[in-house]
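Novice: Going down the list, the protein sequences come from chains A and B. Quick note on numbering: the first sequence equals residues 1 to 498 in my numbering. Quick note on numbering: the second sequence equals residues 499 to 843 in my numbering.
Read the hints as simulated data drawn from the structure, not as lab findings. Watch out, some of these pointers could steer you wrong.
[Unchecked claim] The list that follows gives simulated cross-link-like pairs (lysine-lysine, BS3-like), each with its CA atoms no further than 25 Å apart:
no.	chain 1	residue 1	chain 2	residue 2
1	A	K272	B	K833
2	A	K313	B	K734
3	B	K631	A	K313
Being a predicted model, the structure only gives us computed values, none of them experimental.
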Amino acid sequence: MKSDKYPAIEFRNITKKFGSFTANDGISFSVNENAIHSIIGENGAGKSTLMKILFGIYSSDSGDILIKRKSVKFSSPLDAIKNNIGMLHQHFELIEDFTVFENVILGSEPAKNGIIETVNSRKIIAGLIDKYKLGLEPEDKVSDISISQKQKVEILKLLYRNSEILIFDEPTSVLSPVEVDEFFKIVRKFKDEGKTIILITHKLNEIKELSDRVSVLRKGKLVYEVDASSLDLNELSREIIGHVATEKLPDERTNNNGKETLLWFENIKLKKDNVEKLCGLTFSVSSGEVYGICGVEGNGQSEIVEAILGSEKHHSGKLEINADNVSLVPDDRIGKGMIKEFSVGENVLLREKKELIYDNKKIRDRSSKIITKYDVRLSDESAPLESLSGGNQQKVIFGREIELGNKLMVLVHPTRGVDINSSAFIYRIIIEERNKDKGILIISSDLEEILKLSDRIGVLYKGKIVSEYSKQDFTFSGEDAKKEFMTKIGKSMIGVGV
Amino acid sequence: MSRKLKAGIISVSLSLIVTIVLTSVLLLVIGKNPFVIYATLISEVFGTGYGLGQALFKATPLIICGCGLALCFQASLFNIGAEGQLNIGAFVMSIVAYTFDDMLGIMVMPVAIAAGFGVSALWGFVPAFLKIKRGVSEVITTIMMNFIALALVNYFLIEFLAVKSTVRTEKILENVFIPKLSDISSVFQGSSANMTFFFAIALAVFLYFVFYKTRFGYELRAVGLNPTASRYLGVKTNKVIMWAFLIGAGMTSLVGINFIFGYKGYYEFGFSNNLGFTSIAVTLLARNNPIGIIFTALLFGVLDYGGLAVNTLVPKEIMLVFQALVILSILAVDKIVKIYYLKEN
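Extracted from the complex, chain B is given alone in its bound form (with noise of 0.2 Å):
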């Protein structure tokens, strides 16, 4: 094991103990006792198959978008854009799903994918375009594309699309759906993970075997670490700045495979909370390692869902607080193992 990875393992474990003991002493100034905060969370999420199952959930769209977001920041693109880019992917994907269902079946699915991957994909070229074209900041871009995308979904789906008196598109037929983990193993029982999450795992897996096995990978990492000498190597910077952002802000559309395929059937406004940008935090968290960012996004599924369990007991926005924790924690950690570990100044 290379010294700096052991260093990262380290720094993740460290910031971990910092934040349980951070949100212990707030959870004792609230008056509560954090063992059996602690206790409730870790029985409800890992004692039962149904609690596990929705940690699953909550994670799967966390690994997805992170994996897209990954692929941006791996060539330091900063694109803060991904939740205008999911949600107006997402929109696309069930509106083409639920039109065409009858007419395609099942087929339909890689159909809906691909419409939804265009048009996320699309909201990433302006900001690519912008920034290659006109030097352009991407941070600004995407956050502006983000209104737009937010406010355009918002205005088609409540003038035109909703089912009456809902903020929701119509239904998917039941045989389009993606089968459920409860299907293949009862212990999974009543929770909402599919088979989407193995999808994301896959996913995930694909992207480290690209950032550090291809070409195109190094290619990616070379701009991020450093453009100039990338230039100076032959590296076409500008269009791996493009292809990060299409590509990039194309796959976070694919959460919709989790929420539309996998669980509900329809997209709803409000059903991403946040992800977009929960996933910059799970990505960072992981040093945009692919691998990484599977095991992050699984904590921030068992802190999700955990928030849910030990609801009856605390509010569940001290998970929120948790979360927060953990980043401040493993940015200061991570400077004092590079000091003290790594011997950097």
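The shape of chain A in the complex, shown without the other chains (with noise of 0.2 Å):
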């Protein structure tokens, strides 16, 4: 470390829990004082969720964060900002109907016996615009600009309030190339003038281009540290990663007879909100397979789901679906798949559509049908599924679907917020269904879990299959020969050499 350079920030031993999920474990590092740090991981690694700690949004289970030196504790993102560190959100906080000069000091109006003094702002934040030529007209109305000046504004925001430590949150994905580029201008503006950069990003060329130092989570642990300037692409992806623990499949398939085609997308086009959002996929799932479709999230997951259920339609290829009805365990458990209000029972009776009387019995029968077979803990077989932990929700739902019996399964990311031991048991389960001459789709951005289950995988990126491997592709002989193929297929999920 260079002796002029002391840490701006240093995260000790930083814990938070949600439930049972540990979200972030042990975290420890330290970002430089005038320095680009850039913050890398999978969703779901726990990057949002350390950030957020720094922020003020949630306050850590355990561990300190020391700010120049001193130990801080914020109970709320005002200490923050007073601190002088600001946050670049995912998504914009921007009241639509105002100018931008309006959104600028909203919050921390200058007033002056209550009236607002304007002459003085407006001319620190013209300031600011001409110095880090943000290119922005103080009175054009917000709900008449891009989204990249949108973003502009709210960096702008930041500035504004003289925040020394900016955190980005992803700030590219909502950019085109050539705005990356602009934006990439400004936060080197930003390092000259002295300010402390934490950039959040799972993009690599981000990371080569603008950063002084990399950290690494995954799983919520920091696993990986490393200096730009000797920084190996291969090696980071497969941090990123992770490593493929060696055990073998819970059961090796025993029969493959009678192939039938239960899902095809045969060159699919589907928009969403005029984005073209699958760019001609074509994939197709047979019985008595897992296809793992794995990629970045974003890059059409979501749309999958929904050209499956229906819900979306595509505008061109083929969707053909040979099941009367699909099992699936959709991404988010709490907001897709089961009404968090109702019990166990209740949301099994819901699900099947069969009886058209919910008497007490019946509710009693299935609750204890899924509690007992798919190992559910939980006190009162009657409570809300809400009360119960993440991975028991999840086993839920996932014996929900399997007891519907369907041919066709569709399962996203079935472990994520899952304990180790629940995500044994439902890749065990996965397996056995397999087994029974199901169709499985399985999309998650777990590769891990990807290679454990699948018979054959899929690379999905910007709406499209860009690469397809089969199982003898990673059955591997060595842990070379696996090395070599992680870091393959975690170069082609984030579209570097394809």
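Two independent chains are provided; combine them into the complex using the hints.
Specialist: In structure tokens form, the structure reads like this:
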């Protein structure tokens, strides 16, 4: 470490749990003053949680944060702002009907006797726009400007509040390539001005181009740290994805007779809000196989599910589903997978759509079946599902969908936020179901999971399967072969070398 | 008893106490003795069969209309249009009733009820259709449909159908009236309470069964609690919204049974006296639970008649203040109970 720089922020042993799920697990590292420090990791790796703790949105269960060598405890973002920390969120918080100027001063209006003083603040804001070449017109209405300009308004807000430490949460996900270049220039200018920048991202090129140092989070833990000068992209992508456990599949397939295509996407194109989300997607799932789709989130995963559900219509291509009903474990179990106010049995009955009268006996029957068969731990059978832990909720949804007995199952992030034991349980059942000749589609950003379960893998990038692998491609002879494969697949997930 | 139900009872009782205290302060301010007022109210309503009967009579349409609204509210459809729905339904009910009563005899009742139900359901169809097809907020459409319904009723009544120099339709034949409670027990002598009250109770009990014991009820509540999850669980949400609006709006027309077949024998302009809006309060206060609606409607019925009973001492509007205060305090108390009793944040 160079002697003239001292840490602007130090994380010491930060741990944060949500129920039984550990989002941050003893994370320790420091961010140097006047550096661009990237934090990279898959979705659910704990990046956002850590930043929300730093910004005072969450409080950590244990551990300390030091700002300029002073221990701090923020109970709200206001405390963080007072300490000159600013955060650029993924979702903008702007009043559409206000002008750029009004949005910037909102919340810290320079007022005298209740009258807003504008002359001075206009000067300051114009100065900031000029200095950082933001290219904004203070009198433009926010509803009339582009997304990248809105982002600049958010940045301007941070600058106006004298933020010295800037947190950018996946800032380039809403930007086009040209805008990204522009954004990089602004960020470099910040560095020149002596500010400290934390960049949350999952794009490797951004790290290579911008950062001074990189920290990799995986499953809530800090797994890797490196200076950008000695950065090896291959090594980094392996670290992000993690090592594949060497354990064997729970149960190798025994029979594979009479294959029947259950799901077939053929050159499907689908638009949502006028943006092409699926751009000629082709893949198929047959009976008795697990097809795994891996990819960084937002590349068309939710649209695949919507297309299967029929709630979004494709405008070109052919979609064939050869099953009466499709079992579905959705990505967001509370928002999509259940009615959280209903009990286990009630959720099962509702999904079955068979009975007209729901009496207590039927509700008890259903719940005790799921609870015993899928090892659900709960104190009270009639309690609403929201009172169960995440892993147990997932087992309920899982069990419910399997008991439907449909030929085709779609599982999205089947073990996200689920502890190791429940995950293993779920994996075993997936393989059992496959061996009963079910066709199973798994959509997950957890490559380990995909490799462990799938018979075939498709890599989804920008609404297309960019590469497809069959079992022999990822049956490895040795560690090196596996490493090489992981690097290859990790790269195509983020669009490098395709 | 579940903790949630207990919490509900606690917050209702607490807010009643708060309301009684606040109303007492108001009474003291205008120089009245609250104890005298409350004592008079209680003795007038509960001390006489007539008073009790009147309270039941006032509660009856609130239960019925509240049930219709609960159907919508359970699906998170904020139907503000009951006033229009029930007026146009009751109006049509009376027209059918007096037109065909001599031809059909007592059988005119189901026919008239079906006709009224159908027209009210049509008034529910429009907002449901617009919500499903165009995503228009039902709050706006139902309010607008109120204006249309009331204007139409007014026009057809005054221009064509009203009995000369009145604002009412023709009276139905005496033999198609529903028996009064006083026909069974002389206790209720003179009161307008009729057998519709028992129909209202039966309707509420039936609806309770539907909400909590049938697939339709579960789907209805699921759509209300989380429409996205409902869709993923295979519930046809649009179908549920449509049925909730059709049956819910249709059901509000059944208040006409109490007034037309049980009381006056005709439709009269202004008979509802904001019943469609008061029922919103009754329903929300009962948290859309039909059994709860029976009790909240009875409370409002008691206050409604009680206001008349104490009218010689204080303006009867004091009971409107009381009703409004109940609603305000339940909203406030509910939050407090949730935080301190249920330990929610």
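Novice: It remains to establish, for every hint, whether it holds in the given structure.
Specialist: Here's how the hints hold up against the structure:
{"no.": "1", "hint": "K272(A) with K833(B)", "result": "violated (39 Å)"}
{"no.": "2", "hint": "K313(A) with K734(B)", "result": "holds (17 Å)"}
{"no.": "3", "hint": "K631(B) with K313(A)", "result": "holds (16 Å)"}
Hint 1 from the list above is the single one not met by this structure.
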